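2 protein chains.
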Amino acid sequence: MSESPVAHDPPIYRRIADGLRARILSGELRDGDRLPGENTLMADHAIARATARQALAVLINEGLAVPKRGSGVYVRLFKPIRRHGSRRLSREQWGGGRAIWDADARGRPFTVDEVEVVREEASEEIAGLLATEEAWVRRRRYSVDDRPVQLATSYFPAPLVDGTPITLPDTGPGGVYARLRDLGLSPAHFTEEVRARMPAPRETRLLGLPGGTPVIVISRTAYTEEGRPVEHNEMVLDSAAYVLQYDFDA
Amino acid sequence: MSESPVAHDPPIYRRIADGLRARILSGELRDGDRLPGENTLMADHAIARATARQALAVLINEGLAVPKRGSGVYVRLFKPIRRHGSRRLSREQWGGGRAIWDADARGRPFTVDEVEVVREEASEEIAGLLATEEAWVRRRRYSVDDRPVQLATSYFPAPLVDGTPITLPDTGPGGVYARLRDLGLSPAHFTEEVRARMPAPRETRLLGLPGGTPVIVISRTAYTEEGRPVEHNEMVLDSAAYVLQYDFDA
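Respectively, the protein sequence lines represent chains R and H. Position 246, counted from 1, in the first sequence is what UniProt numbering calls 246; the numbers after and before it change by one each time, with no gaps. Position 123, counted from 1, in the second sequence is what UniProt numbering calls 123; the numbers after and before it change by one each time, with no gaps.
Hints listed in this document are in silico derivations from the structure and should not be mistaken for laboratory results. If you're wondering where the values come from, they're calculated on a predicted model, not measured in any experiment. Hints may contain errors.
One copy or any two copies: either way a pair holds, since identical chains are not told apart in the list.
To be verified - Computed cross-link-like contacts, SDA-like style, restricted to lysine to any residue with a CA-CA straight-line distance of at most 25 Å:
1. K79 <-> F190
2. K79 <-> E226
3. K68 <-> A152
4. K68 <-> L168
5. K79 <-> D249
6. K68 <-> F190
7. K68 <-> D249
8. K68 <-> F248
9. K79 <-> E234
10. K68 <-> R228
11. K79 <-> A43
12. K79 <-> M235
13. K68 <-> Y223
14. K68 <-> A200
15. K68 <-> H84
16. K68 <-> P159
17. K68 <-> E134
18. K79 <-> G95
19. K79 <-> R195
20. K68 <-> G174
21. K79 <-> R34
22. K68 <-> A22
23. K79 <-> P199
24. K68 <-> T132
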């Protein structure tokens, strides 16, 4: 190991970023305010343009600021969505007629701005996960505070859900899990896989991601008590908008 | 919404990447093999250099290939580590004298290539999380198959662990959780927070990350049965090396 994992003094661009972040988090700089530009940072700290740019890039990557072409970098305050892995999928949530994503929002309205529902031939992966050749596929985008934060694509074994509200844009109170329950196929166990990667261009467009923002990809399969897979959901999250929380016991 | 969330035909660079990925996953291209270069891809597919570069960048970002300066892009096969959020932290694991990270490895040797243990003044964040002014801090790097995959920094309330093996590089069978148990402070509940972001330069160096690879950041706090916080661990993972798995019930 050529370098010790010990913490060193942070480099200058990071100390500048730390200072700007403190001014944002203290409320001195507010949502929509323009941050000091590259020229100002260069003069104030006697640094090169590349260093000033790096300092601003830190805040952009953290989702605290957003560049506007030709005009500078602006504070973008967005309280991260705290997505609680297990609580949100409890029977109390969907059994009580509430939408799953309402558990994440804590009073901030989640909106689904488009829903597409189609019956498709299952890909090899989906066929393997759901033991089906044909799938009903629900694609949608979620926004919070007018900001797109998540793309989600759910797959259901077609023979199980043909002719049910799961094939309609509006699935009714409690959503698809409550409808699976109506069919005697209540989800009982969930497996979530979490990965991170850079977004595909289509994801960058649909989520309005600034450069250098990774996405979190969550692949979840829902199983009945008997172990029958009833849904697979692929979610792509703006990493700057989310904190995922998982609680468990030793 | 200006664009439907419907799947479209993938762009050419992505189809080329799909083809190369299939050849890697089928075993036709093997670990260490050189991928077709930009010039070859340009000639074979009648595309611009930027498009060829994009195709190769997809595989690099996915961790399936690695660029070598001035020599091309090579297959780098590395089966992702499946990190099981809850099973690995079960009492059976550390209570039985096994290392936590052995649960992830499934027969592949995890190595800790450097451990630093120091007593430090707690940062404001750590002081708040652990209710302590001074902390013992354990910093280490983990590698699998000679590849660095994770940096981890654990914090303990200093008055609780002063003079115990937790302050030594080698903490003995079962590691720090077994030692906390010896002190009557068995971890009973865990909260993990998962984020993704681009790496800091130091993280890029220590993890040997190729350009465009995000990191997954896991912040975990361990609590005793009585709710007393006994450890906080900040982990920085190479996102191309990990899949996080969480299982839970409805």
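Results for each hint:
1. K79 <-> F190: Between. Shortest inter-copy distance 23 Å satisfies the 25 Å Cα cut-off; intra-copy 27 Å does not.
2. K79 <-> E226: neither (39 Å within a copy, 30 Å between copies)
3. K68 <-> A152: This pair counts as neither: shortest intra-copy Cα distance 28 Å, inter-copy 36 Å.
4. K68 <-> L168: Classified as neither; 39 Å inside a copy, 50 Å across copies.
5. K79 <-> D249: Cα proximity of K79 and D249: none, with 28 Å in one copy and 28 Å across.
6. K68 <-> F190: neither (41 Å within a copy, 41 Å between copies)
7. K68 <-> D249: neither (45 Å within a copy, 44 Å between copies)
8. K68 <-> F248: neither (42 Å within a copy, 42 Å between copies)
9. K79 <-> E234: Both, since 24 Å and 21 Å are each at most 25 Å.
10. K68 <-> R228: Close neither inside one copy (49 Å) nor across copies (46 Å); limit 25 Å.
11. K79 <-> A43: Answer is neither; intra-copy 32 Å and inter-copy 48 Å both fail.
12. K79 <-> M235: both (20 Å within a copy, 22 Å between copies)
13. K68 <-> Y223: neither (45 Å within a copy, 44 Å between copies)
14. K68 <-> A200: both (21 Å within a copy, 23 Å between copies)
15. K68 <-> H84: Classified as neither; 32 Å inside a copy, 40 Å across copies.
16. K68 <-> P159: The answer is neither: 48 Å in one copy and 49 Å across copies each exceed 25 Å.
17. K68 <-> E134: neither (44 Å within a copy, 43 Å between copies)
18. K79 <-> G95: Close neither inside one copy (28 Å) nor across copies (39 Å); limit 25 Å.
19. K79 <-> R195: both (22 Å within a copy, 14 Å between copies)
20. K68 <-> G174: Intra 39 Å, inter 52 Å, cutoff 25 Å: neither.
21. K79 <-> R34: Answer is within: at 19 Å inside a copy they meet the 25 Å cutoff, but 44 Å across does not.
22. K68 <-> A22: within (22 Å within a copy, 39 Å between copies)
23. K79 <-> P199: Answer is both: 21 Å inside a copy and 21 Å across each meet the 25 Å cutoff.
24. K68 <-> T132: neither (46 Å within a copy, 42 Å between copies)
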